[in-house]
Every structure is written in structure tokens, then in C-alpha cells.
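Chemist: The listed protein sequences correspond, in order, to chains A and B. To convert, note that position 158 of the first sequence is 158 in UniProt numbering; the numbers rise steadily by one, no gaps. To convert, note that position 64 of the second sequence is 64 in UniProt numbering; the numbers rise steadily by one, no gaps.
Hints may be right or wrong, so weigh each one.
[Claimed, not checked] Derived lysine-lysine pairs resembling BS3-like cross-links, with alpha carbons at most 30 Å apart:
1) K12/A with K181/A
2) K220/B with K149/B
3) K218/A with K181/A
4) K149/B with K8/B
5) K7/B with K178/B
6) K8/B with K220/B
7) K178/B with K178/A
8) K181/A with K178/B
9) K336/B with K241/A
[Claimed, not checked] Listing some non-contacts, in silico: residues in chain B with all C-beta distances to chain A over 10 Å:
10) T9
11) I23
12) I48
13) V203
These aren't lab readings, by the way, just hints derived from the structure by calculation. No experiment lies behind these values; they were computed from the predicted model shown. Beta carbons are placed, not taken as given, at the ideal position from N, Cα and C, and that holds for glycine.
Take a look at the letters that make up each chain.
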Amino acid sequence: MLSTIQHSSFLKIIINILTIIALLLAMGLSIAYGAVDINLSTVWQAIINFDRDITSHQVIQELRLPRAIAAALVGAFLAVSGAIMQGMTRNPLASPSIMGVTNGAAFALVLTMAFIPGVSGLGLTIASFAGAGIAVVLVFMVGSFSTGGLTPVKLALAGVAIGTLLSSVSTIIALHFKLEKQLGFWLAGGLAGTNWSSIQVLLISGAIGIFIAFMIAKSITVLNLGEDVAVGLGQNNIVIKILGILTVLILTGAAVSVAGAIGFMGLIIPHMSRFIMGTDFRWIIPSSALFGALLLVLSDIVSRLINAPYETPVGAITSLIGVPFFLYLARGSSGGGK
Amino acid sequence: MNPIYQKKTGRFIGIIALLIVLIITMFFISLSTGVINIAPLDVVRTIIGQGTERQGLVLFDFRLPGIILALLIGSGLAVSGVILQGVTQNDLADPGILGINTGAGLAVVLFIFFIQDSLNTTLSIFIMPLFALVGALFAAFLVYTLAWKNGVNPIRLVLVGIGVNAGFSAALIIFQLKMNPQDFRQATVWLSGDIWSANWSFVLALLPWILILVPYALHKANVLNVLNLGDDVAAGLGSKVEGDRRLLLLIAVALAGASVAAGGAIAFLGLVVPHIARRIIGPLHQYIIPISTLIGALLLMVSDTIGKNLLTPTEIPAGVVVAVLSTPYFVYLLVKTK
Chain A
1 MLSTIQHSSF
11 LKIIINILTI
21 IALLLAMGLS
31 IAYGAVDINL
41 STVWQAIINF
51 DRDITSHQVI
61 QELRLPRAIA
71 AALVGAFLAV
81 SGAIMQGMTR
91 NPLASPSIMG
101 VTNGAAFALV
111 LTMAFIPGVS
121 GLGLTIASFA
131 GAGIAVVLVF
141 MVGSFSTGGL
151 TPVKLALAGV
161 AIGTLLSSVS
171 TIIALHFKLE
181 KQLGFWLAGG
191 LAGTNWSSIQ
201 VLLISGAIGI
211 FIAFMIAKSI
221 TVLNLGEDVA
231 VGLGQNNIVI
241 KILGILTVLI
251 LTGAAVSVAG
261 AIGFMGLIIP
271 HMSRFIMGTD
281 FRWIIPSSAL
291 FGALLLVLSD
301 IVSRLINAPY
311 ETPVGAITSL
321 IGVPFFLYLA
331 RGSSGGGK
Chain B
1 MNPIYQKKTG
11 RFIGIIALLI
21 VLIITMFFIS
31 LSTGVINIAP
41 LDVVRTIIGQ
51 GTERQGLVLF
61 DFRLPGIILA
71 LLIGSGLAVS
81 GVILQGVTQN
91 DLADPGILGI
101 NTGAGLAVVL
111 FIFFIQDSLN
121 TTLSIFIMPL
131 FALVGALFAA
141 FLVYTLAWKN
151 GVNPIRLVLV
161 GIGVNAGFSA
171 ALIIFQLKMN
181 PQDFRQATVW
191 LSGDIWSANW
201 SFVLALLPWI
211 LILVPYALHK
221 ANVLNVLNLG
231 DDVAAGLGSK
241 VEGDRRLLLL
251 IAVALAGASV
261 AAGGAIAFLG
271 LVVPHIARRI
281 IGPLHQYIIP
291 ISTLIGALLL
301 MVSDTIGKNL
311 LTPTEIPAGV
321 VVAVLSTPYF
331 VYLLVKTK
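Looking at chain B on its own, in the form it has when it is part of the complex (with noise of 0.2 Å):
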């Protein structure tokens, strides 16, 4: 191996071991903060069987459960991000801007006024996500047939992205306004971004898509790092260009559309997880996956605890909290590069 990739992959190790520490203390504090405060250490007895049956409460029935959430969905929106960028070699291409977020939201929001109150509260927690699915997949073909023409050119992909996103929103409104004032609630909530409510058939509906879509991210890592060349020397190496980008497409659809069914539209995050990343570790896509789940599940969990605990008893949308922590930093990346 040339020294210049040893140097990469000994800097690789050690961010990955930074982001798990910190992740792991980020965890412990996030449980043991909130409106009923648990000593860390007490968290530690609790989770091995031996605290209170109070504390056990909080811990397992509403802190951890959403804390969990959030990784997962932070990881899945950072991955999204980064394959969408990569695949349309576009630093401005997010689930959010393209229109998958509202989409899956759109199909939430009609599974809701449609069909939800004939089916038992369980069983639409885990038919919620496929809906989300279809209607991010639905989305992600519009965009994609839309900006078709001989190609698809990144800057028209993301004009008709804009538009299809101000579309799917606007029916989102109307609909949302034509359902009772309980539809209405749950709606508007779960819209903003909201992983507080979140319980464990909420994890569970989302653990295996984040578990099986990005480790095969990962697996498609080269194909990204040939396909951000350029389609036409990626076809010289020998890619499929149209095939491979439609597969990685599905895979961040996917990812949207599962993340967004579970936490909502959680704005900003897939944008600015995978410049963060590239800026750590260079373009290999290789390095950048791992990254960004890692990052994306702290930031995630970070903006969470935050909201929760800034301004009690005001609660503030995990989503609202990464746009405050992200944008910063989004516009020096603006800034310094070119």
C-alpha cells in the first residue's frame, strides 16, 4: 500500500474512533438530562438492572427509545445525502431540496387521512414507512423523469427538484387542512421533525432498512468515487453510468423515504452532513460513508438533546436545532471553497 493511503486510512481511524467516543459520552449525557434528571451513573445501574423502577421508566419507555431514533435517522439522511450528491455530482442536492422529503411526506400525510383509522396503531407504525417509501420513490422518479432530456444534467435536476418539492407542498397543505383537528395534530407533528414521541415499534420499523441499506452503500462506495469523475470517464472505466446511478438513486430514495416515515422532515441534514465529511476526509467515497453515518447520527442526537432541554418546557423540533448548529458551518464551507 503507497504511504499516501496509509497516512488516509490512520487519519480514517482515528475520526472514526473520535466520533464513537463521542457519540458513546454524547449518549450518556442525552440520557441523563431532561425534565427529570438521571445521574450518569445512575443510567449505567439502570441499564444493567439495578435502579429504580421510576427511573427505569423514563429510561426505556421515553428517553432511549427516541435517542436510538435519532442515530438511526441521522445516519440514514447523512448516507441519503452523500449518495445523492455523489450521483448527481451535485453539492447542492439533498432528500430536502430534491422533493424525496415532501414526497414521503405527502404519502405519510395521505396514508393518514386515508386509510390509518381502519388499521390497529401498531401495524400502520410499520406500513407508515412503506408509504413514506413510495411516495419518496414516486417523488425521486418525477424529478428524475422531469429532468430527463438526453441526460440528466445536475443543475436541471436540481431546478425541477425545487419544483417538484414546492409542488408536493403545496398538496401537502391543502390536504392537511381538509383533516379533522386530531389527523391534523398528529400530522403537523410528525411533519416538523419530531422524535420525542418516539417508541420502540418506531426503532424497529426503521432498524432494518438503515441495517441492510448502508453497509450496501458502503459496498457501492466505488462506484460513487467513478461516477463523481464524470459520466463520461466513468463510462471510459467501464460503468454502466445510467444503471448504477439509477441503483444508487433507489438506495438514498429508500433511505429518505424510511428516515423521514420514522422522525419527519428533518431539513438540512443530508445536505450539510456530506460536506462535512468530504472537508475531514477527501472525496473517497469509501471513507465518506462511515463518516457521515457517524456524524450525521451525532449531529442528530446532539440537535435533539438540545431542543429538548434549551428552553424547557418548550420543546423545539430536532430538525429546527440542526439548521441553528449546521448552517454556520455550511456557509464557511461556502465560503472557503470554491
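Bound conformation, chain A alone (with noise of 0.2 Å):
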């Protein structure tokens, strides 16, 4: 069934479409759900024929709305940054949470926030980015520079320390500077805060960051093969990497900055894609946004609907949701990166 798939760019499209079906009409739940509940065919009419005098299209406008397209906005470039990760180091394990970028974010967040009270939106994105920037250098420096070079578990390891480094200098900037709550959002991770000038900030790092990634995909797909292969093909493995790296910088840092550090998308998103697509990254890239944006929309659902009134992080319920699934593909690898 599944090399079936793998095989016909056809069955791929229809995947991808009813990918797309399904990802609406959780928006549009996404939409109607909340402490009042909307029919979707007031949803569709708030969309469609505003009406500022109705309570209920106002609600849609202003919070529902911009709520769920940010959940399928930060699904997507999660995802699509993990699936970038993974396809460049070759390693099953990299994803933005585990290599240490989302604590990047954080680590640079907290630090405007302590030292520029006050700070811009657009300023916390900048932060956002430069974190993300600086934690990715500060991986792959200790990667490559370590005798051996750059092998899938001593990147995880690097890894696994910066992010822990990065993330406990934050906590003390956060404790001194009484930030606790608002690392803690973002290490939790939530869509609650979305507005629209959140969506601003994604769309046009959505806008860079996916037209790279798909510009990139071939060249992914080749350097997947082995940094041999694709120099014996005549690519410029450099410069590939360097546009993969920058691509995950904007898009990781635009949804840690909206949303915080949402665990595990990155990470299963990329395989549950690559199970279904087969190799080639032109495939691989798009399922994967496609993937992440309805696991993170329906996520967020379930994180307002478990504990309501409250809401979960939601972090924690993509986690519980991917999580035997990557126990399973963990099983199923016969001792992963090698």
C-alpha cells in the first residue's frame, strides 16, 4: 500500500488534497469551538460577509480567526524546518526542539524582555530570530569542530547540551527579572496570544523562509543520498546548507516568537511524511507543512477542550499525539542514523 504510494505522484496529490480538505474543516471547528460555541455556517458568513454589529462575527474576526490560521501557519514551519533538519544531517533525531533552537528563541526572548521593558512585537521577533541564529551556530560549531567531525549522535549531543545551557541561563535571567510566567509560556508553548499582527510577522517569514525550502528541496533530496553522492553530482553542498540553515532560522524563530516552543513537531512531523512520500524532498516538504498545520490546528482544539474552561499548553497535547507514533517509527528503525 505504502510503496504504492511512494511510486505515483498521482495517489501523492490526492493524499496532499484530502490533507488540504481535512485541514479546513478543522479550521473551521477550530473556529466555531470555544467558550461560545458558532455554527460553522455563522463562521463561513463571518468570513465571507463581516458584519460588525454581530457579537459573534466580531468574535471570529478578532480572536477565532487569526487563532487557528496561526496554528496552521506554525504547524507548518515547524514541521517543514524539522523536515529540513533532518534531511541536511542526515539525522532522525534533529528537529528544531532537540537541537537546541526553540530554547535559542526563548534564551533571546527572555533577555530583550529583561533588558528593554516594553520591547515591540517586531522586536521580539528580531530577538527570536537571533537566538534561534545564535543556538544553531553555537550546535554546529561544536559539531564541526570536534575531532571525528559531525556525526548524527555527537550533533544530538551538542545538541541536547546548548539547548540545556541556553535554557537554564534563561530560567535565571527569568527568576531575577521575575519573568517566570512568560519563559514559562514559552517553553510551554500556546496560540492563545494570537492576534493579527502575529499573522503579519508569519506570513512574510512564511513567505521567505517556505520559497526557499521548496527552492532547496531537490538539493535536500540529493544531499540525503550522502555528502559524497551529491558532491559526485556536482552540487555545492555549502551553499545548500547554508539556505537550509537560514531557512529554519526564519521559520523557527517566527513561530517560537508567535507561539513559543511547541515540542515534538518538528520531530514526528518530518517522519510521518517521509514514511508516507518516500525520499524525495520536493514530496516530503509540502506533505510535511500540510502534516504539521492539521496536527498543530487540532491539537489546539483538544488543548482548549480537555480542561475547559482552562487551556492545556498545547505543546503537551501534540506530544501525547505523536508520541507512539514515534515510538513506533523509533522501533521500526534498525538503529536509526546509521
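Quick one: dock chain against chain with the hints and give me the complex.
Modeler: Right under this line is the structure:
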């Protein structure tokens, strides 16, 4: 069954279309469900035929629509980042959260909040990019300076170490400047605070990030065969890697600045789409984006349902949904990165 | 005895002596520093019963239990890490990464949530480690079974550990948010690896575990050496590989579970200390275990003291300080070793 899908572009397109339909339905549900349930036809009306005088239309336009869109975008960004990282490093464990990228972004956010009180939303986003960048550079530096080179295990170890260091320093700063609550939010992740300006940030970064991701998808497929093979095929690996890292920074930075560090998305979704779509990143990247968006929108709904009227951190939900699947994959792997 | 062994034994005794001197020095420094400073001389005077009543109260009721607890937890987690890394032949293994700490944490949170109110305080302090132990065992059992597929491949073990860890953390967050505010606070403080609320009952609850299991681990050092050579060699040398592995895992899990119950999840200590010890003394577990015990104890005591005094009145959890102190060295090790 799976191998049939992997060899048929037609079936792959069908799967992607089905995912898009599921995603739209999930977003509709996400908008309809809340403190006051609104039926789907009102949701539709509020979007195509907005009436300022109807309260439910306002709720939808100001709160729920941006939230649903943000969930879809953040999910897509984290998943695509993960796919690129796994493809480039040939490491099944590579993902924004394990490689310390999300911790780096949270670190920079706390630092900025502590020393520049009242910083603007744009300032925070830039800080988040910078932090993600510092973490990636550190992890790759540690990895590549080591004797024996950038092995998968070494990269994962470096990521864990740098991530732990950055998050510990963030904790100290947060404790000292009484920013525990904000840090807690970024580390747990959540979509409650999203509004249209977050969507702007996401759309601009996404336009650039996703564009580069599609551009380099083919090269990542080649890179994933091994560096030697890629060089043999005449590919300039350095340029591809720099572009890849840049994409990861842009996408993860934007996602973390809006929704915090939502764990496990970037790890699981790429495995899932590779499992279904095969080894070609021109298919893996788009389907990662779609699966990621779908998973996060659904998780966001569950996070509001599970302990209503309180919200449960959405990262906890994505983990609970993702873990069984991840374990299944881990068992199937013949030892992972080898 | 051959000369290399003699030289090694000499070095070993020297290092042990050095560590003990360091621990004793730090012990007195820790006792004398704090919000109320007590001069080292007064500390000695108080210990032999010549101090003022107030000094006696501060030392015996507040500082001493915390410091002793730090020593015990540090050694427990360090030895647990040594065993796990030896048994799995995996440098990445430690009670944190393998989900054992989180398993213990989840069990304790469930205990606070469901059972605690029906027991009196002293009783619950002694029962909590048992719960933590059950949680730790369950996590270890889960990771081991899920990673089992014609034997346990080290990389698969770590992958499964990361998965189980993420699942438990998610469940932990969800349960925690369902608690009433008072229980929530207790659980949060406990989970962040906080030892300063320690009292003598915690010390008494943890002491027997450390006193029995650490020497027993030392007694089994040779088995660890043999297992470290790889499964095939170990079997060839007459080791009942799986049986030995399970027994040692049980010790490691018990040590981690009891330590976590007393001090919360202190990340990274079990990962980094064995690496440092191996670096100092080489691969023989007869040497690694005692040295790790002392380094672990020293590291946690120092971290606890720094955490309490660095940014007063803000108290930084000891676990956070451990991470900040040890990650740079860990990164250095990562770069230097193959």
C-alpha cells in the first residue's frame, strides 16, 4: 500500500488534497468551538460577509480566525524546519527542539524582555530569530570542530547540551527579573495570544522561508543520499546547507516568537511524511507543511477541550498525539542514523 | 600487581583524597554562607554544641539537611548515570534522557494529586520515594520493552527514551494543571529540582537507598566492565548478558527514582558526571563509580550553594546551576573525544 503511494505522483497529490480538505474542516471547527459555540454557517458568514454589529462575527474576526490561521502556519513552519534539518544532517533526531533552536529563541526573548522592557512585537520577533541563530551556530560549531566530525550522535549531544545551557541561563534571568510566567509560556507553547499582527509576522517570514525551502528541496534530496554522492553529482553542499539553516532560522524564529516552543512537531511530522511520501523532499516538504498544520490545529482544539474552561499547553497535546507514532517509528528503525 | 595498575591505583587514591578535601571545604563554606552569614569558626563551634541558639537553628534545621540531601542526591544520580551509560554502551544515556526522571516525577505528581491528602505529612515523605520508584521502574520497563527487538540496540534505546520522556512530560503537565493551586505549587517547586525546602525526613528517606545501592553498584563494577566490551565479548567471557543488564538497570533506576523523589528532577547531572570521571581515571568501573559518587555529590552541593547565594534574594534551583556549570565542560569533552 505504502510503496504504491510512494511510486505514484497521482496518489501523492490525492493525499495532499485530502489533507488540505481535512485542514480546512479542522480550522472551521477550531473557529466554531470556544467559550461560546458558534455554528459553522455563522463562521462562514463572518468570513465572507463580515458584519461589525454581530458579536459572534467580531469574536470570529478578532480572536478565533487569527488563532486558527496562526495554528496552521506555526505547525507548518515547525514541521518544514524539522524536515530540512533531518534531510540536511541525515539525522533522524534532528528537529528544532532537540537541536536547541527553540531554546535559543526563548533565551533571546527572555533576555530582550529583561533588558529592554516594553519592547515591541517586531523587536521580539527579531530577537527570536537572533536567538535561534545563535543556538544553531553554536550547535554546528561544536559539531564540526570535534575530532571525528559531525556524526549524528554528536550533533544530537551538542544540541542537547547547548539547549540545556541556554534554557538554564534563561531560567536564571527569568527568575531574577520576575519573567517566569513569560518564560513558562514560551517553553510550554500556546496559541492563546495570537492576533492579526502575529499573522503578519508569520506570513512575511513564511513567504521567504517556505519559498527557499521549496527551492532547495531537490538539493536536499540529493544531500540526503550522502555528502559524497552530492558532491559527485556536482552539487555545492555549502550553499545548500547555508540556505537550509537560514530557512530553519526564519521559520522556527517566527513560529517561536508567536507560539512559543511547541515540542515534537518538528521531530514527528517529517518522519511521518517521509514514511508516506518516500525519499523525495520535493514531496516531503509540502506534505510536512500540510500534516504539521493539521496536527497543530487539531491539537489546539483538543487543548481547549481537555480541561475547559482552562487551556492546556498545546505542546503537551502534540506530544501525546505524536509520541505513540514516534515510538512506532523508533522501533521500526534499524538503529536510526546508521 | 603490574606497574600500570599500581600507578593507576596511586592516581585513584590521590583523586579520591583531593575530592574528599574539596567536599569538606565546600561543606563548611556552604554551611557558613546564606542570608545569615555564620563565620566558619562559629559553624564548628555550633556543631560541637557551643554556638548560640539562633545559629544552631539555622544550621541544624535549615542548612545542614539541605546540604546533606544535595550530597546524597548528587551521588545517587551520578552513579545511576554511570550504570546506565555502561549497561547501554551509550554515552547519551542518563536517567533524564531515558525518561526515568520524568516517570518518577509523574508518579509523584499522581501521588500528590490522588493520595497525599489522606495521609499525614511524615508518612507521605517516606511513601513518596516508593511512588517515585514505581514510576521510575515503570518508565524504565516501558523504554526497555519498547526498544526490545531481538535485543536492545543503543540508538533505538535512546530514541525510545526520548519518546517516552516526551509522553510522560505531556501527561505531567496535564495532571498538574488539573490540581488545586496549593498542590500545583508543591508539585512545581518539587519538579524544578529544589532542595532548599529540605528537612531531615527527606534525608532519612533517601539515605538507606544510597547506602545500600551505591556500594552494591561498586560490587558489580566488574560486570559493568565486561558489559562495556559489547554483548558478544561479554557473552564470550561468560556473562549472562541480559540477566546482568537487567539487574544493573534495576539498580540504576532505583537510585534515580529515590533521588528524584527527594530532590526533584535535576537534569544533566547523571549525563555529565560519568563523562568527567571517565576522562579523569579511564574506563574501569571500580574507579569510575567511587569518583563519580564524589564528583556528583560535590557538583550538586556547590551548585546548590551558588544557586542560593548568587542572586539573593532570588533563589536559583540547583538543577539549573548544575546545567550552567557542567554544559561548557561537556561541550569541551564532545569536541575533544572521538
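Chemist: Next, verify each hint and record whether it holds.
Modeler: Now the hints, each set against the structure:
1. K12/A with K181/A: Not satisfied, since the Cα-Cα distance of roughly 43 Å exceeds 30 Å.
2. K220/B with K149/B: Answer holds: K220/B to K149/B is near 26 Å, not above 30 Å.
3. K218/A with K181/A: violated (42 Å)
4. K149/B with K8/B: Distance of about 40 Å is beyond 30 Å: violated.
5. K7/B with K178/B: violated (58 Å)
6. K8/B with K220/B: Between K8/B and K220/B the Cα gap is close to 20 Å, so the pair holds against 30 Å.
7. K178/B with K178/A: Holds. K178/B to K178/A sits at ~24 Å (cutoff 30 Å).
8. K181/A with K178/B: Between K181/A and K178/B the Cα gap is close to 18 Å, so the pair holds against 30 Å.
9. K336/B with K241/A: holds (25 Å)
10. T9: For T9/B, whose nearest Cβ neighbour in chain A is about 30 Å away, the distance exceeds 10 Å, so it holds.
11. I23: Holds: least Cβ distance 23 Å, greater than 10 Å.
12. I48: holds (37 Å)
13. V203: holds (26 Å)
In summary, the structure is inconsistent with hints 1, 3, 4, 5 from the numbered list given earlier, while agreeing with the others.
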